[in-house]
Amino acid sequence: MQPSLKIVIVDENPIRAAILEDGLREAGHVHVMRLAETSHLLARIYALDPDVILIDLENPSRDVLEQMFQVSRAVKRPIAMFVDQSDKASIEAAVDAGVSAYIVGGLQKERIKNILDLCISRFNSFARLRDELERARTALEERKVIVRAKGILMTAKNLTEEAAYALLRRTAMNESKKIAEVAQSVVTAAELLK
Amino acid sequence: MIASEAKLRIGFIPLADAAALIVAVDKGFTAAEGLDVELVSEVSWSNVRDKLNIGLFDAAHLLAPIAIASSLGLGHVKVPIVAPFGLGVNGNAITVSPALYAAIAAVAEGNIIDPLVSARALARVIAKRNARGEEPLTFGMTFPFSTHNYHLRFWMAAGGVDPDEDVRLVVLPPPYMVESLANGQVDGFCVGAPWNSVAVDLGIGFILHFVCEILPRAAEKVLAVRSRWADEHPQTLLRLVRAHGRAAAFVEDTTNREEVTAMLAAPNRIGVAAEVIRRTLDGRMKVAPDGTMRASDRYLLIGRTGAARPDPVQAAWLYGQMVRWGQAPLSAELLSAAKSVFRPDLYDAAIADTAPDLEGEPADGIGAFAGPAFDSSDLAAHIGSWKIRRA
Numbered sequence: 016m017q018p019s020l021k022i023v024i025v026d027e028n029p030i031r032a033a034i035l036e037d038g039l040r041e042a043g044h045v046h047v048m049r050l051a052e053t054s055h056l057l058a059r060i061y062a063l064d065p066d067v068i069l070i071d072l073e074n075p076s077r078d079v080l081e082q083m084f085q086v087s088r089a090v091k092r093p094i095a096m097f098v099d100q101s102d103k104a105s106i107e108a109a110v111d112a113g114v115s116a117y118i119v120g121g122l123q124k125e126r127i128k129n130i131l132d133l134c135i136s137r138f139n140s141f142a143r144l145r146d147e148l149e150r151a152r153t154a155l156e157e158r159k160v161i162v163r164a165k166g167i168l169m170t171a172k173n174l175t176e177e178a179a180y181a182l183l184r185r186t187a188m189n190e191s192k193k194i195a196e197v198a199q200s201v202v203t204a205a206e207l208l209k
Numbered sequence: 010m011i012a013s014e015a016k017l018r019i020g021f022i023p024l025a026d027a028a029a030l031i032v033a034v035d036k037g038f039t040a041a042e043g044l045d046v047e048l049v050s051e052v053s054w055s056n057v058r059d060k061l062n063i064g065l066f067d068a069a070h071l072l073a074p075i076a077i078a079s080s081l082g083l084g085h086v087k088v089p090i091v092a093p094f095g096l097g098v099n100g101n102a103i104t105v106s107p108a109l110y111a112a113i114a115a116v117a118e119g120n121i122i123d124p125l126v127s128a129r130a131l132a133r134v135i136a137k138r139n140a141r142g143e144e145p146l147t148f149g150m151t152f153p154f155s156t157h158n159y160h161l162r163f164w165m166a167a168g169g170v171d172p173d174e175d176v177r178l179v180v181l182p183p184p185y186m187v188e189s190l191a192n193g194q195v196d197g198f199c200v201g202a203p204w205n206s207v208a209v210d211l212g213i214g215f216i217l218h219f220v221c222e223i224l225p226r227a228a229e230k231v232l233a234v235r236s237r238w239a240d241e242h243p244q245t246l247l248r249l250v251r252a253h254g255r256a257a258a259f260v261e262d263t264t265n266r267e268e269v270t271a272m273l274a275a276p277n278r279i280g281v282a283a284e285v286i287r288r289t290l291d292g293r294m295k296v297a298p299d300g301t302m303r304a305s306d307r308y309l310l311i312g313r314t315g316a317a318r319p320d321p322v323q324a325a326w327l328y329g330q331m332v333r334w335g336q337a338p339l340s341a342e343l344l345s346a347a348k349s350v351f352r353p354d355l356y357d358a359a360i361a362d363t364a365p366d367l368e369g370e371p372a373d374g375i376g377a378f379a380g381p382a383f384d385s386s387d388l389a390a391h392i393g394s395w396k397i398r399r400a
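In order, the protein sequences belong to chains A and B. According to our numbering, the stretch in the first sequence is residues 16 to 209, in order. According to our numbering, the stretch in the second sequence is residues 10 to 400, in order.
No wet-lab data here; the hints were simulated from the structure. The reader is advised that the hints may include incorrect statements.
A few chain A residues facing chain B, derived, Cβ under 7 Å [unchecked claim]:
#	residue
1	Leu72
2	Pro75
3	Arg77
4	Glu81
Glycine included, C-beta positions come from ideal geometry on N, C-alpha and C.
Using the sequences provided together with the hints, build the complete structure.
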């Protein structure tokens, strides 16, 4: 059994960091730490002394980690990002997913590759989750606008709910628009005419 | 074939020296060249570099030293980059906290507008702090391979301060600079616009020096493309460079200033008040919270005095800094590789300039305030002439 790796996750998004941490733990990595705060990042990372650092690409503090490449008094061990000339596919997949990994020298490539692959798949599923939430939120808002537009038409034109909806749908079809867009126009117009 | 070539993704960091790129796209100069450009705002230089290197970006607004480091394989993967257009010369400033400003002013022998006076005063401030057993001063800069890193080092070393032994130099993302100065994490920083002005406006910083007072001519950002991409898409590159030439001229024409600053200030571009960007382009800066102004006609050069034409001497100077501070070994091959990142030939192929007026420009191409004139033909002797160095 190989000794367990110490992994630090730098991510300001707590949900994504938690998803990632869970995945790593399920894969048998017990030494996983999360850093959400990025002030004094280098000092904190040196104190934790990790083997692998994972950071999301939306985090401007990635540039801070680059300082670890520099030979200076503060550096304890050399650090390299998980890319070399042969790893183009890995880095492409990682950048696409929005994650970047830094490793502390001397680790076997295969062990790191498994971790990175896991991160990529977790990052991708988080992105899908976020897209679904976004779609659900948009759908909910569209429904709300349609309900308000129906109400306005029912009052203004003395229509039943079904007739109001049919009017919205017919107009949308005639103008090649979405029902929600026509509904939004009705709501906006009603507010202007108030 | 041409249709697929004409679609480009270009990465940038929201800074004033992305002006030529942003104006090239938003004013329609790239469209006029048949290029459909998507500008992508990025949060870190590492991201810009990696996305350019692996081909997610076709071109990028890049720190000149990163283009060189990437081409030489320093600190990261080796990917040859070429710079056919200079997006900016100068534009940085050194800002310090009110406490450090007062300490420097108190021990200065002469006017601290003179960088040699201020650097020597900094050495005295540090000696006093050491005698009292205080923590070393900390300065922020933007990236290990950055002009900001080299500008800070050049300035303080001229006054006898060893940047690796006497102070702490830390990388900070530009948007975090001001906050870090306010909460005392750093005592000063070197960064580009608009961040120095933001610190002064908040009353938490004094602009000590414009970098053009330290180095009158210092290449800052370049338009960078992969060397291979340049070889594979010569026509597209030509058109892209030509669009940048028009944009730089448009930016420099002061009658366009209002339109240009409004364009740059847009939330999806630089995203700060147009007035703050205007100060940078005009070279008229508020340098102290009490409203003191200082002006320089070379605060940031975008195309004028030949600034957009990449100068291999600038690349040699930057490589010299990498050697001086222990980031790169010294060799004739590496020097030659560094110089060939800057491609005036590609610039000339696209832009038929009348020769720029170089009167008053430094004879050695750099014009540093201290030390011997720069001479890339004997870099070893030039670097050897500096007392404080890692090489």
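Structure-based check of all given hints:
1. Leu72: 5 Å, holds
2. Pro75: Status holds, d = 3 Å.
3. Arg77: Since chain B brings a Cβ to about 4 Å from A:Arg77, closer than 7 Å, the hint holds.
4. Glu81: 5 Å, holds
Figure legend: structure checked against the earlier numbered hints; every hint is met.
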